[in-house]
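2 protein chains.
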Amino acid sequence: MSNYSKISIPADARVELHDALHLTGAEVSVNTLPGGAQVPFVHSHKQNEEIYGIISGKGTITLDGDDIALNAGDWLRVAPEVKRQLSASPDSALSFICIQVKAGSLENFTMADAVV
Amino acid sequence: MSNYSKISIPADARVELHDALHLTGAEVSVNTLPGGAQVPFVHSHKQNEEIYGIISGKGTITLDGDDIALNAGDWLRVAPEVKRQLSASPDSALSFICIQVKAGSLENFTMADAVV
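If you're matching them up, the sequences are chains A and B in order.
According to this note's numbering, the residues represented by the first sequence are 1 to 116, in order.
According to this note's numbering, the residues represented by the second sequence are 117 to 232, in order.
I should point out that these hints are in silico values taken from the structure, not numbers from a laboratory.
Careful: at least some of the hints might be erroneous.
[Unchecked claim] As a list, the in silico DSSO-like pairs of lysine-lysine whose alpha-carbon atoms are at most 27 Å apart: (1) A/Lys-46 x B/Lys-174; (2) B/Lys-199 x A/Lys-46; (3) A/Lys-83 x B/Lys-122; (4) A/Lys-58 x A/Lys-83; (5) A/Lys-6 x B/Lys-174; (6) B/Lys-162 x B/Lys-199; (7) B/Lys-199 x B/Lys-174; (8) B/Lys-122 x A/Lys-58; (9) A/Lys-83 x A/Lys-46; (10) B/Lys-199 x A/Lys-58; (11) B/Lys-122 x A/Lys-46.
Model, not experiment: these values are computed from the prediction.
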């Protein structure tokens, strides 16, 4: 495995990066839900924290029954046990990033982990 | 700490999400380098893998001396020990996400970690 890897994702593609980039600390997916579409199931996780970032469009995420509006620039942390489901607005696709990481796994970061 | 948290980031802001969202498995930063700007130091990491995603604009990342062109839709994995430095193109700002995770920390993901 190389020390680095890169892929280029076309606009509106759905891509899972873990295998494509040989990630070892996260799964990252790049997603677009068409207008009016919904992820077809409610799910939670056993041990992974999820971080959602909205790149463009509008939609809703339902978290343990609470509906939360989503717009470009919104970022969310969702604990493993939360039941979640995403929908695009009827009149707008929803493009977002979903990051899965093991809850509690980060030890140090930024200056505490950097070598400058 | 709530089971979920959300923030809204204005366009072109630089925001670090770890403390804002109470992340436990990653640091995620949302960044914009103005046209012609460069991160003012070369750095590597002790234990964190970094994942870069280019949201818009153009630039270059130098990885162990190799110059790699960056465009919207590009995603990269960078191993901890790689020396890295980012620049925006002279004529274009560069907006990107940087995800820090502990290398080797992900155990299961997606269907292997999901409860549906």
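To see whether the hints hold, each was checked on the structure:
no. : hint                  : result
1   : A/Lys-46 x B/Lys-174  : violated (38 Å)
2   : B/Lys-199 x A/Lys-46  : violated (35 Å)
3   : A/Lys-83 x B/Lys-122  : holds (16 Å)
4   : A/Lys-58 x A/Lys-83   : holds (20 Å)
5   : A/Lys-6 x B/Lys-174   : holds (15 Å)
6   : B/Lys-162 x B/Lys-199 : holds (11 Å)
7   : B/Lys-199 x B/Lys-174 : holds (20 Å)
8   : B/Lys-122 x A/Lys-58  : holds (15 Å)
9   : A/Lys-83 x A/Lys-46   : holds (11 Å)
10  : B/Lys-199 x A/Lys-58  : violated (38 Å)
11  : B/Lys-122 x A/Lys-46  : holds (21 Å)
Going through the hint list in order, the structure does not satisfy hints 1, 2 and 10.
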